[in-house]
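Novice: Using the sequences plus the hints, can you model the full thing?
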Amino acid sequence: MKKILAVDDSASMRQMVGFTLKKAGFDVTEAKDGSEALNLAKQQGFDAVISDVNMPVMDGITLIRELRSLPNYKFTPLLMLTTESGLDKKSEGKAAGATGWIVKPFNPDQLLAVLKKVIR
Amino acid sequence: MSIDLSQFFDVFFEESFEGLDAMEAELLNLEPGKEDSETINTIFRAAHSIKGGSGTFGFVSVSDFTHVLETLLDQIRDGQRVLTAEHVNLLLKSVDCVRGLLGALQAEEEPDLSEANELKARFEAILGGETSESVDVEEEHVASEVQQSTTYQIDFKPEPHLFKTGNEPLYMFSELAELGQLEVSAFHDGIPDFLEFDPEDCFLHWRFFLTTVKPEHAISEIFEWVEDDADIKIEACGGLFEDDTIGTPEVATQSEESGPLAAEQSASENQVDTSVQAEANLTAVQKKVESVKTSKTESKKSSDSTATSIRVGIDKVDSLINMVGELVITQAMLSQIGDQEITESSIAALQEGLAQLAHNTRDLQENVMRIRMLPISFVFSRFPRLVRDTSQKLNKQVELKLVGEQTELDKTVMEKLSDPMVHLVRNSLDHGLETPEERIANGKEPVGIVTLNAFHQGGNIVIEIMDDGKGLDTEKIRSKAIANGLISESDDLSVEEINELIFMPGFSTADSVSDISGRGVGMDVVRRNIQALNGSVEVTSKQGVGSTFTIRLPLTLAILDGQLVQVATHTYIIPLISIVESLQIDISKVSKVGKGLEVLRLRDEYIPILRLYDIFSHKGAREELDKTLLVVVESDNYKIGLLVDDLLAQQQVVIKSLEANYQKVDGISGATILGDGTVSLIIDISGLIKLSGLRRPGSTELLVDLKGEEAEPA
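Just so you know, the protein sequences line up as chains A and B, in that order.
Going by UniProt numbering, the first residue of the first sequence is number 1, and it counts up by one from there.
Going by UniProt numbering, the first residue of the second sequence is number 1, and it counts up by one from there.
Derived by calculation from the structure, the hints in this document are not laboratory data.
Model, not experiment: these values are computed from the prediction.
Hints are not guaranteed to be accurate.
To be verified - Short derived list, chain B residues pointing at chain A, Cβ under 8 angstroms:
hint	residue
1	Val11
2	Lys34
3	Lys51
4	Gly52
5	Gly55
6	Ser63
7	Leu162
8	Asn167
9	Glu168
10	Tyr171
11	Glu175
12	Trp225
Said to hold, decoys possible - DSSO-like mimics (lysine-lysine), calculated; alpha carbons at most 27 angstroms apart, straight line:
hint	chain 1	residue 1	chain 2	residue 2
13	B	Lys690	A	Lys74
14	B	Lys592	B	Lys619
15	A	Lys32	B	Lys316
16	B	Lys164	A	Lys42
17	B	Lys401	A	Lys3
18	A	Lys2	B	Lys164
19	B	Lys34	B	Lys401
20	B	Lys316	B	Lys393
21	B	Lys690	B	Lys619
22	B	Lys164	B	Lys233
23	B	Lys627	B	Lys639
24	B	Lys542	B	Lys639
25	A	Lys74	B	Lys164
26	A	Lys89	B	Lys639
27	B	Lys157	A	Lys116
28	B	Lys120	A	Lys89
29	A	Lys23	A	Lys89
30	B	Lys416	B	Lys690
31	A	Lys32	B	Lys164
32	A	Lys89	B	Lys157
33	A	Lys116	B	Lys164
34	A	Lys89	B	Lys233
35	A	Lys116	B	Lys416
36	A	Lys23	A	Lys2
37	A	Lys32	A	Lys22
Each residue gets a CB set at the ideal place from its N, CA and C atoms; glycine is no exception.
Specialist: This is the structure in structure tokens:
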């Protein structure tokens, strides 16, 4: 079973993402901010990380940058959840090493469709 | 996959309301021009989360509205725009507005969008008429949807670092294959010599020919994430794979492709189509199921509306679980003893076990009580906003100080405390504090200070509402009271007694609102509400210096420290908090006044004696004053003596509502079950005063009169 780390400071989004992915047969771990996610990612391996951008303590872009610098996460798909349609956040994320982005709002089907681009 | 999003609604609403509270608090902290980025960030994050969540869960009205909020905040955050006081005001109004929208949605009502639209227009005016572009783009996409199949030549030449972004070309290619017929050729001319070869880099590039009915953007979307990391060319090149069915391309494509793939393709054709189709396909049965489902959730919602939840720290729950564990162990120990034959040693062990049980039960009780305890900051947190809005309206400058926000008290008490406090704080702002001009003229700082202070004292919580305003105008209160017939011209009242008059019902009549500069509007209601919680409210004031209202409340309404007393064969409970003293009556100091009312002269006061057996119609009680005991209790600042046969134990009693289980009884606030299983009634002192026909001074002759004239000996 593929392991996915879902990171969001909003409990409802976290639940929704977690529930959707679990139902689709993934093993999901949830984290409420970047720093919690980074600790988890260091302790166990994940096949993909889906992270919100705006979070307290450690934001999503910093998380992606930190993860990408870890040997275990060199090639791991790292997706950012963002509402900003603005290019700057996406390119900032890309520069940090993000694989791609999912624009909020999205429904469970869209989430799974996007995930299919990086993990099978 | 079908996922019922409504299962996440509760969490979404809860966190959104929390987010709004946080936004409000941070906005109130903001000083335009001095804002720090972390505060702005927190506000932005809250708005952003609400927008993301509401969009995801289908609350379009909220996500539309929060979009403008977010845009403005984002610009401020990025330094493109300077925060102004106008922005803060607008954002605060928006917080209220979103709260209203969410509240309506949570109650499954149609939200009223008029305010949202109005505010949105103001935001858009600030933002310079920027509209949401995403809608336009989508429409454009839909419009450009072409149903004809086209062949595209796609050249994909990624940068060597492609893998390091976590992108996998293979997945993109299989996505391409899902769009139509695909032919791929890979070029490996970029592969360097073995020595320079880095296996982590990508040296291949590819050319595809894709024949598809999909528009070009469906292809470019696949490469969306890598367009900066690759050289991508997509060109329509005319029919490489075209056959002679050009006239009916759709049929041709579908017949050529395998069934499920075609079905999937047409299903994902575009969103509009799918949704329309899905709607049409909904069978009557499904619709019925749907409607049954909604009506069910509705009825659940409405029945749930009175139930409130409480968020409890996990440490509190942990310690409860711990305690219950202890209890189970003790129970096991006791039952083991119970199985043995009773001997001397097993009795000792039994006693030990019982002592442990008592200890555990007490611990458990204390911890369960703690669960209901919340910091008073839950009430205090609404005041910064209230003070800000009210002071703006009144053109006064006010600084609000909150002290003891972490003081904990019972949630039910807290809920009922809020309204009286709002009233008192409003009064402090409106009547207590002077205008900046007046303050300067009186040698004070122009900014008035209102302080809310909470602390524990004994088994009570004390909340003080202090202002450094002009204080109560005793002369005006006195003349008003005389005019209203509350007191007479000849009454010689102390300043404290005059100040007390503001809690009299007579002061809340509408005509007294305009012409009294002191306070008193609705104060009787404030006092009544607080007394309903077994609490009290007092005022102290010094002219020109300020006033302090002091609210005293029990920490919880569920448990009471009680004094058990015996009246005839019955046991009553008197709240320990209202007992001043208990004494044996010296009958030489008892006098009779009025219609057979006995009063005891106790030091400088006359204490009316209420015979409990008389009030509750019990027979067989001791009636001789010298053989009984008098429990002096205080309520509303008035003392009365309750005649009882005997004092029994003092203990904590669990309050059971008489109203819920039987009916309301005058003079009784509730009931409890004693250790021996009998039901015992808890005496409601202020109710008893009313019941007994004793009335408060100010409204009747009783206590005030007694001070002036000597009562005749009994």
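Novice: Compare the structure with each hint and give your call.
Specialist: Results of checking the hints against the structure:
no.: 1; hint: Val11; result: holds (4 angstroms)
no.: 2; hint: Lys34; result: violated (22 angstroms)
no.: 3; hint: Lys51; result: holds (6 angstroms)
no.: 4; hint: Gly52; result: holds (4 angstroms)
no.: 5; hint: Gly55; result: holds (3 angstroms)
no.: 6; hint: Ser63; result: holds (7 angstroms)
no.: 7; hint: Leu162; result: violated (10 angstroms)
no.: 8; hint: Asn167; result: holds (5 angstroms)
no.: 9; hint: Glu168; result: holds (6 angstroms)
no.: 10; hint: Tyr171; result: holds (6 angstroms)
no.: 11; hint: Glu175; result: holds (7 angstroms)
no.: 12; hint: Trp225; result: holds (3 angstroms)
no.: 13; hint: B:Lys690 to A:Lys74; result: violated (79 angstroms)
no.: 14; hint: B:Lys592 to B:Lys619; result: holds (23 angstroms)
no.: 15; hint: A:Lys32 to B:Lys316; result: holds (21 angstroms)
no.: 16; hint: B:Lys164 to A:Lys42; result: holds (18 angstroms)
no.: 17; hint: B:Lys401 to A:Lys3; result: violated (50 angstroms)
no.: 18; hint: A:Lys2 to B:Lys164; result: holds (20 angstroms)
no.: 19; hint: B:Lys34 to B:Lys401; result: holds (20 angstroms)
no.: 20; hint: B:Lys316 to B:Lys393; result: violated (43 angstroms)
no.: 21; hint: B:Lys690 to B:Lys619; result: holds (22 angstroms)
no.: 22; hint: B:Lys164 to B:Lys233; result: holds (22 angstroms)
no.: 23; hint: B:Lys627 to B:Lys639; result: holds (21 angstroms)
no.: 24; hint: B:Lys542 to B:Lys639; result: holds (26 angstroms)
no.: 25; hint: A:Lys74 to B:Lys164; result: holds (6 angstroms)
no.: 26; hint: A:Lys89 to B:Lys639; result: violated (71 angstroms)
no.: 27; hint: B:Lys157 to A:Lys116; result: holds (22 angstroms)
no.: 28; hint: B:Lys120 to A:Lys89; result: holds (25 angstroms)
no.: 29; hint: A:Lys23 to A:Lys89; result: violated (30 angstroms)
no.: 30; hint: B:Lys416 to B:Lys690; result: holds (23 angstroms)
no.: 31; hint: A:Lys32 to B:Lys164; result: holds (26 angstroms)
no.: 32; hint: A:Lys89 to B:Lys157; result: holds (25 angstroms)
no.: 33; hint: A:Lys116 to B:Lys164; result: holds (18 angstroms)
no.: 34; hint: A:Lys89 to B:Lys233; result: holds (25 angstroms)
no.: 35; hint: A:Lys116 to B:Lys416; result: violated (53 angstroms)
no.: 36; hint: A:Lys23 to A:Lys2; result: holds (13 angstroms)
no.: 37; hint: A:Lys32 to A:Lys22; result: holds (17 angstroms)
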